[in-house]
Structures are given as C-alpha cells and as structure tokens.
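These protein sequences, in sequence, are chains A and B.
Everything in the first sequence is counted per numbering that gives the first Met the number 0, starting at 0 for the first residue and increasing by one.
Everything in the second sequence is counted per numbering that gives the first Met the number 0, starting at 0 for the first residue and increasing by one.
Among the hints, erroneous ones may be present.
Stated by the list, open to error - To give a feel for the contact side, a few chain B residues facing chain A, derived at Cβ under 10 Å: (1) 3; (2) 21; (3) 38; (4) 43; (5) 44; (6) 60; (7) 66; (8) 72; (9) 91.
Keep in mind that the hints were calculated from the coordinates and are not lab data.
For glycine and all other residues, C-beta sits at the position ideal for the given N, C-alpha and C.
2 protein chains.
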Amino acid sequence: MAATVQDAIILFGDSITQGGWTEDGFGARLANAYSRKLDVLNRGLAGYNTDWAIPVLKQCLAPRDGSELLPKVRLLVVWFGANDAVLETGSQHVPLPKFIENLKYMVNLVHSAESPYYSPTTKILLVTPPPVNTYQRAADLGSREPAMALDREFERTKGYAKGVKEAAAVSKVEVVDVWTAIWKKAGEKEQALSRYLSDGLHLNRDGYTCRLAETFEIVYVELVNAIREHHPELHFDRLQYVFPAYVERVGHNSD
Amino acid sequence: MAATVQDAIILFGDSITQGGWTEDGFGARLANAYSRKLDVLNRGLAGYNTDWAIPVLKQCLAPRDGSELLPKVRLLVVWFGANDAVLETGSQHVPLPKFIENLKYMVNLVHSAESPYYSPTTKILLVTPPPVNTYQRAADLGSREPAMALDREFERTKGYAKGVKEAAAVSKVEVVDVWTAIWKKAGEKEQALSRYLSDGLHLNRDGYTCRLAETFEIVYVELVNAIREHHPELHFDRLQYVFPAYVERVGHNSD
Numbered sequence: 000m001a002a003t004v005q006d007a008i009i010l011f012g013d014s015i016t017q018g019g020w021t022e023d024g025f026g027a028r029l030a031n032a033y034s035r036k037l038d039v040l041n042r043g044l045a046g047y048n049t050d051w052a053i054p055v056l057k058q059c060l061a062p063r064d065g066s067e068l069l070p071k072v073r074l075l076v077v078w079f080g081a082n083d084a085v086l087e088t089g090s091q092h093v094p095l096p097k098f099i100e101n102l103k104y105m106v107n108l109v110h111s112a113e114s115p116y117y118s119p120t121t122k123i124l125l126v127t128p129p130p131v132n133t134y135q136r137a138a139d140l141g142s143r144e145p146a147m148a149l150d151r152e153f154e155r156t157k158g159y160a161k162g163v164k165e166a167a168a169v170s171k172v173e174v175v176d177v178w179t180a181i182w183k184k185a186g187e188k189e190q191a192l193s194r195y196l197s198d199g200l201h202l203n204r205d206g207y208t209c210r211l212a213e214t215f216e217i218v219y220v221e222l223v224n225a226i227r228e229h230h231p232e233l234h235f236d237r238l239q240y241v242f243p244a245y246v247e248r249v250g251h252n253s254d
Numbered sequence: 000m001a002a003t004v005q006d007a008i009i010l011f012g013d014s015i016t017q018g019g020w021t022e023d024g025f026g027a028r029l030a031n032a033y034s035r036k037l038d039v040l041n042r043g044l045a046g047y048n049t050d051w052a053i054p055v056l057k058q059c060l061a062p063r064d065g066s067e068l069l070p071k072v073r074l075l076v077v078w079f080g081a082n083d084a085v086l087e088t089g090s091q092h093v094p095l096p097k098f099i100e101n102l103k104y105m106v107n108l109v110h111s112a113e114s115p116y117y118s119p120t121t122k123i124l125l126v127t128p129p130p131v132n133t134y135q136r137a138a139d140l141g142s143r144e145p146a147m148a149l150d151r152e153f154e155r156t157k158g159y160a161k162g163v164k165e166a167a168a169v170s171k172v173e174v175v176d177v178w179t180a181i182w183k184k185a186g187e188k189e190q191a192l193s194r195y196l197s198d199g200l201h202l203n204r205d206g207y208t209c210r211l212a213e214t215f216e217i218v219y220v221e222l223v224n225a226i227r228e229h230h231p232e233l234h235f236d237r238l239q240y241v242f243p244a245y246v247e248r249v250g251h252n253s254d
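Only chain A is shown next, with the shape it has when bound in the complex:
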C-alpha cells in the first residue's frame, strides 16, 4: 500500500477537470507546482452533472471517523455547471435552483459540523463554468453522425456561472471565476470564444503558443491567484518539502 506522505488537493468536476492533465493542462501544472508538497488528485468525471457528482464526492471523501492514515484534503476545487446547464430536454440538465442547492450541499458536506465528512481544515474553491460559444457548438454538433441539435445556450450557462457565485456567497467559500476571465479575454464577443474553446464547450487543448494551451493557462493562473489571495497558507511557495531538499542534505546546491 501507498503510505500517506503528502496531503492532497482534489480537483472535482466534469470533463473539463478530467481533461486538465492533457497537454500541460492546469491539473498537470498544479501537480508540478506542488511536487514534493501535496498530491493533486484528478477527480474529473466527463459528462457528469452535480446530481450525479454528489454520491461520487461522498465516496471520494473519507468519513470523519475514518482512518487517520488517509491523506488530509487541504483544498477541494469544485467545478461544475457545463453539463448541468444543458437544455431541459437533455439528460444532464439540472435546473438552476437545484444546481445551486447541489453546490451548497457539497460545501456543507465538508464544512457543516453535522456532516459525517466534516473537515474544517479543508479549504474549498468553487469554479464557474466557461462561457459557451453556441456558434461553434452548433457547428460541432451539426457535423456529427447523426447530426445533433444545439443543446446549450450562451445566456443559460452565464446564469449557471452566476449560480456558482451565489452558492459560494451563501456557503462562505471563494470563487474562481473562469467564466468572466475567459469572457473578458475574448473581448466579450461570443464568436471570439473559439480562441479558447475546442468545440464551443470544452477548453481548447491545442493552444496558440508553442507548448501552452492558452485556456488552461487562464484557468491555472486564476486558480493559483485564488489560492494566493484567499488561502495563502496553501500556496506552493509557502509549503515545505515533505522530504528534505538535496541542498539541505549536503549543505550546497549542485543537481
């Protein structure tokens, strides 16, 4: 068995989280920044909405009376909305009020003293879904075999992004506002979002700079800024190595 030598950051979300390790994605970059300090666990579930995610979260967190040998969750990043916001006709649809309740439920699961998963030392960040480019999304769905009709709306996803902020305000946790960050980068023009989205829905992974997927860069920077601002004690620069650095062993730096 693997002993617990590092505590954990859990990235919990849908396909956009699951894909965060592709091509220098934000998850992989975070894992690199936290190497020898915290393990960054990918708990992304492509296609999932918050209704389906709640029972999974209960399995990913150990009950408070569980083994002390398990890693502490120092930070839980919750990023849903992209699937909850499909049209009512879609199987993934979760009505906005229920979506907000679900996010509050997830926070309570960790922060309510009555919860079996109560962990007051676990910091939580809620992330807003990226804006949808319905032009790009319609073209992508229309090109499939068989062709599919547009399943999302720009304004609706925007409403779910606002819902994340509402849930966070009520739950007294902080927000990483990816929706606004990407929207501003696109000059507040829906069609310009194709610069940051691969298919109108998912963050692009091809990137426009040599080794960098630009959208994942936005997400990474926003996430690290939120950690620095709201939970500075968890910023990687403030954490010590678990095992001593080589330079501490030999008294000088080499390789």
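The hints should help you fit chain B onto chain A, whose structure is shown.
Frame of chain A; chain B shown alone:
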C-alpha cells in the same frame, strides 16, 4: 480525508522523475492516460541517490499490516543512477556495486515475503538513467558562478545503466531501458545527445515539436511499452473506470 477510490502507480526517482510533470512530461502524460483508473504519484527527489532514497521509500510504502484503507501500489517505477554515478569526489557518489545492491534492496522491500512492506501484487519496473553528454555538462558547469568542474563521465553512467539491468535480472523484474533508447535516437554519438538533454544530465523540457518535449516522449513510450509487454493487465486500456462513464449512465454518448 481523501478516501481511496483509486489504486496507485508510484514514480520513484531523482530530479528526472520529479521533473516529469513539467511541460507535458512523462509523469503528467501517464496521469492523464490513467485518469479515473489509477492515481500516478510523483515521488521524485531531486539530487537524491539510492542511499538516501531507501529510507524515503520505506516511508512511501505502508507496512503490510498497515491500513487496508490505503491505496494499493499496482506499479512501482524506480529510476535512479544519474546521481549515484557522479565521480567519487562528489557527495552523491554511490559505488556501482552498492548502487546495484541498493536497487535489489528496494525490490526486495516489496517482493520478499520476509519484508514488512511485502506486496506480491505490486509490479516493479527499473529504469536506466539517461546517457550523459559530458561536452554539454562541462559547458554548463563551467558557466556557473563559481565555475564547477565536470562531475560525471559518459562511460561511468553507462556502467550504472548496465547495473540497473543486472539488478533487475537478479531481482526478476523488468527494465525500461531509457539509456539505450535515447542513445540510439542520438545515433550513438555523445554530442548529439544535446538534442535530448537540457544540460548534459537532465532530459530537456523545451522539446523540438510544438507541444512535446521529445525526450519525455521517449520515456513515456518506453514506459508504456514495458507495461504493455510485461504487465499488460496494468495497461490503461485494460483498466475500467472506477466510477461509471457518462455513456453507461444515459445509454448514449454526448459530452
């Protein structure tokens, strides 16, 4: 606490392992390939040799009578030699026979029925260190303030790579021969290794294709090939998702 929902692959080594999450490195790629299946844990320790690594390995593995709630280690990848192979004058130097003994000791720690860390279901792969480009290394060390003398030799590291194979043969585990893979790619010319090394010692991370660090690509491919050949039951294509795929939930594929 984080519950154990996925078993683990541990990548245990020196700076070349620790850096494996940078810029689409082999560790990050492996974590992506195993998403929703196994957690890939970075247990790289920059500057460490095998003497210093052994006590760390004992802390990273849970004793056999430890908590059953901890993740099983399905695969342990051990990659040392780059530091053990410094000249006798260097503080990191470990004599070749001791280096071989240390690797055998690490395997025994997991595979010997007498060991407190005995885990017969943990597969082990030993990895050979990359070849050294002493021209590039000498230039790099000479350019430092203060200038440092060359600390490694091509033939010596080659000997340590052979030592890894010797240890593997005795211990009856398989080898990922990164030394030979990179050496062949370089046309068996030491100076041509600069294509794959950033400073004569470490794998380059800049890469020569747009998003890809080519050396990390070599390591990733060699590692996945070794898994496919020697432990096919652990190849990511053979593993199921821990939580059901979206398509299984709704009966059709969307996003």
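Flag every earlier hint the structure violates by its number, smallest first.
As far as the earlier hints go, not one is violated by this structure.
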